[in-house]
Amino acid sequence: MLINKVFSSFIILLSVAAQTTLVSGFTGFSPASLPTSRSNVLQQSVTSAEDTDTKTTLKISNDEERNNIAENLLTTCAAYGQVGSKLTDEERSIIDDIAASLGPSSSPSPAKIELSGEHELIYSASPSASSGALGPLTGKVTQSFLDEAMFINRVEFFAGAFKIELYAERKVLDDTRIRVKFKETVISVLGKEVKRFEAKGSGIWDYVFAGSITKPSGEKMLLRVMKTPSTFVIVQRDWHFLLVPRFAIQCLVHSIQFNRLGSLAIIILVLVLGCLHWFC
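The sequence shown maps to residues 1 to 280 in our numbering.
Hints listed in this document are in silico derivations from the structure and should not be mistaken for laboratory results. Hints are not guaranteed to be accurate.
Claimed, not checked - Heads up, simulated DSS-like pairs for lysine-lysine below, C-alpha to C-alpha not over 27 Å straight-line:
id	residue 1	residue 2
1	Lys86	Lys192
2	Lys181	Lys227
3	Lys86	Lys140
4	Lys86	Lys227
5	Lys227	Lys215
6	Lys220	Lys195
7	Lys183	Lys227
8	Lys220	Lys140
9	Lys181	Lys140
10	Lys200	Lys220
11	Lys200	Lys140
12	Lys171	Lys86
13	Lys140	Lys183
14	Lys220	Lys112
15	Lys112	Lys192
16	Lys112	Lys171
17	Lys215	Lys200
18	Lys171	Lys215
19	Lys140	Lys192
20	Lys200	Lys171
21	Lys181	Lys200
22	Lys140	Lys163
23	Lys227	Lys163
24	Lys112	Lys195
25	Lys215	Lys195
26	Lys183	Lys171
27	Lys200	Lys183
Said to hold, decoys possible - Computed spacing ranges between beta-carbons, pair by pair:
id	residue 1	residue 2	range
28	Ala159	Pro229	31 to 37 Å
29	Ile113	Pro136	32 to 38 Å
30	Glu71	Glu193	24 to 30 Å
31	Ser116	Arg177	16 to 22 Å
32	Leu87	Lys140	16 to 22 Å
33	Phe158	Ser217	25 to 31 Å
34	Glu114	Leu87	30 to 36 Å
35	Ala159	Pro216	27 to 33 Å
36	Asp175	Ile152	38 to 44 Å
Just so we're clear, the structure is a prediction, and the values are computed from it rather than from any experiment. Don't be surprised by glycine CBs; every beta carbon is placed ideally from N, CA and C.
Starting from the given sequences, assemble the full structure and let the hints guide the process.
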């Protein structure tokens, strides 16, 4: 009985903390210009070919520059950690400066990019739980987009054994801004919902950058950098690179939750197949 009371009190305290901190964080043409001789036509063809080569070279150069800056940003965030509120002002400024340098190479209408599937938080300067920080704990933060309007901000601790989900609705305001309105919060323990309550509040995503990047490993991902006004760095990874390890982890979690030996067998099988896939 005492253990149950302590556990219930713990859940209530976490619910209050989640409700108060999770929401607070997120050109011209002229006939006179036509060629009048074969030499002009040839000259124009050569010029056009040179222009095409120049544009191709510039695109490759721009892509490489964007990928290099993006890799620098992701590497720096990984070195400093995802919770920006634990960093010094200088460290946060370094991340902000790298993020700002990506701005010129962003997609022209970043707020209108179609979002689907699961996206992973790499860094957040927000002091709220939206960074994944809950007291001394740091959880994995993801965004799951359900449709064109609804999505879930999710924070998971202990491989998903304890989970906080914040349901929200988004609306595109213009090319660079999205308004987010929070709806409700759901808390789950060991895969079972233990508390659901209304979430109030709203915010604006102001995009600094959004676009596809390629890492040195060849992995492609969608990178988004936003201000709320706190800086957020979020990626959507190529699922082909993560299919085997993610499935194995999910099976491990289920085996722990439900004590099914079959899941352990699946883990072993998946890991063997993964080794064959990567090394054969």
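Consistency of the hints with the structure:
1. In summary, the hint linking Lys86 to Lys192 is not supported, as the alpha carbons are separated by about 31 Å, beyond the 27 Å threshold.
2. For the proposed pair Lys181 and Lys227, the alpha carbon gap of about 16 Å is at most 27 Å, so the pair holds.
3. With a C-alpha separation of about 16 Å, the suggested pairing of Lys86 with Lys140 holds against the 27 Å cut-off.
4. Taking the CA atoms of Lys86 and Lys227, the gap is near 18 Å; set against the 27 Å cutoff, the hint holds.
5. Note on Lys227 and Lys215: the hinted pairing holds, with a Cα-Cα distance of about 23 Å set against a maximum of 27 Å.
6. Proposed proximity of Lys220 and Lys195 is contradicted: the alpha carbons are some 37 Å apart, above 27 Å.
7. Restraint check: the Cα-Cα separation between Lys183 and Lys227 comes to about 21 Å, which is no more than 27 Å; the hinted pair holds.
8. Between Lys220 and Lys140, the direct Cα distance comes to roughly 21 Å. Compliance with the 27 Å bound is thereby established for this hinted pair.
9. At most 27 Å may separate the alpha-carbon atoms for a hinted pair to count; Lys181 and Lys140 meet this at roughly 22 Å.
10. A hinted pair counts as satisfied when its Cα atoms are at most 27 Å apart, and Lys200 with Lys220 does not qualify at roughly 36 Å.
11. For a cut-off of 27 Å, the pair hint linking Lys200 to Lys140 stands: about 23 Å separates their Cα positions.
12. For the proposed pair Lys171 and Lys86, the alpha carbon gap of about 31 Å is over 27 Å, so the pair is violated.
13. Distance check on the hinted pair: Lys140 and Lys183 sit about 21 Å apart at the alpha-carbon level, within 27 Å; holds.
14. Restraint check: the Cα-Cα separation between Lys220 and Lys112 comes to about 20 Å, which is no more than 27 Å; the hinted pair holds.
15. Restraint check for Lys112 and Lys192: the C-alpha separation of about 35 Å exceeds 27 Å, so the hint is violated.
16. Among the hinted pairs, Lys112 with Lys171 is consistent with the structure: their alpha-carbon atoms are about 10 Å apart, no more than 27 Å.
17. Between the alpha carbons of Lys215 and Lys200 the distance comes to roughly 38 Å, so the proposed pair goes past 27 Å and is violated.
18. The straight-line distance between the Cα atoms of Lys171 and Lys215 is roughly 30 Å, outside the 27 Å bound, and the hint therefore fails.
19. A threshold of 27 Å between alpha carbons decides the hint, and for Lys140 with Lys192 the separation of about 18 Å falls inside it, so the pair holds.
20. Restraint check for Lys200 and Lys171: the C-alpha separation of about 16 Å stays at or below 27 Å, so the hint holds.
21. About 8 Å separates the Cα atoms of Lys181 and Lys200, which keeps this hinted pair within 27 Å; it holds.
22. This hinted pair checks out: Lys140 and Lys163 have alpha carbons roughly 10 Å apart, not beyond 27 Å.
23. Taken as a hint, the Lys227 and Lys163 pair is honoured in the structure, with Cα atoms around 25 Å apart against an allowance of 27 Å.
24. At most 27 Å may separate the alpha-carbon atoms for a hinted pair to count; Lys112 and Lys195 exceed this at roughly 34 Å.
25. Of the supplied pair hints, the one linking Lys215 and Lys195 is violated, its CA atoms being roughly 40 Å apart against a limit of 27 Å.
26. The suggested pairing of Lys183 with Lys171 holds, with an alpha-carbon distance near 14 Å, which does not exceed 27 Å.
27. Between the alpha carbons of Lys200 and Lys183 the distance comes to roughly 6 Å, so the proposed pair stays at or under 27 Å and holds.
28. Between Ala159 and Pro229 the CB atoms are about 32 Å apart, so this pair conforms to the stated range of 31 to 37 Å.
29. Take Ile113 and Pro136: their Cβ atoms lie about 36 Å apart, and the range 32 to 38 Å holds.
30. A hinted range of 24 to 30 Å for the beta carbons of Glu71 and Glu193 is inconsistent with their spacing of about 39 Å.
31. Against the hinted window of 16 to 22 Å, the Cβ-Cβ separation of Ser116 and Arg177 comes to about 20 Å, which satisfies the hint.
32. In this structure the supplied range 16 to 22 Å holds for Leu87 paired with Lys140, their Cβ-Cβ distance being about 19 Å.
33. Phe158 and Ser217 have their C-beta atoms about 29 Å apart, which keeps the hinted 25 to 31 Å range intact.
34. For Glu114 paired with Leu87, a C-beta distance near 32 Å keeps the hint of 30 to 36 Å intact.
35. In this structure the hint that Ala159 and Pro216 lie 27 to 33 Å apart at CB holds, the actual value being about 28 Å.
36. With their beta carbons about 25 Å apart, Asp175 and Ile152 fall outside the hinted range of 38 to 44 Å.
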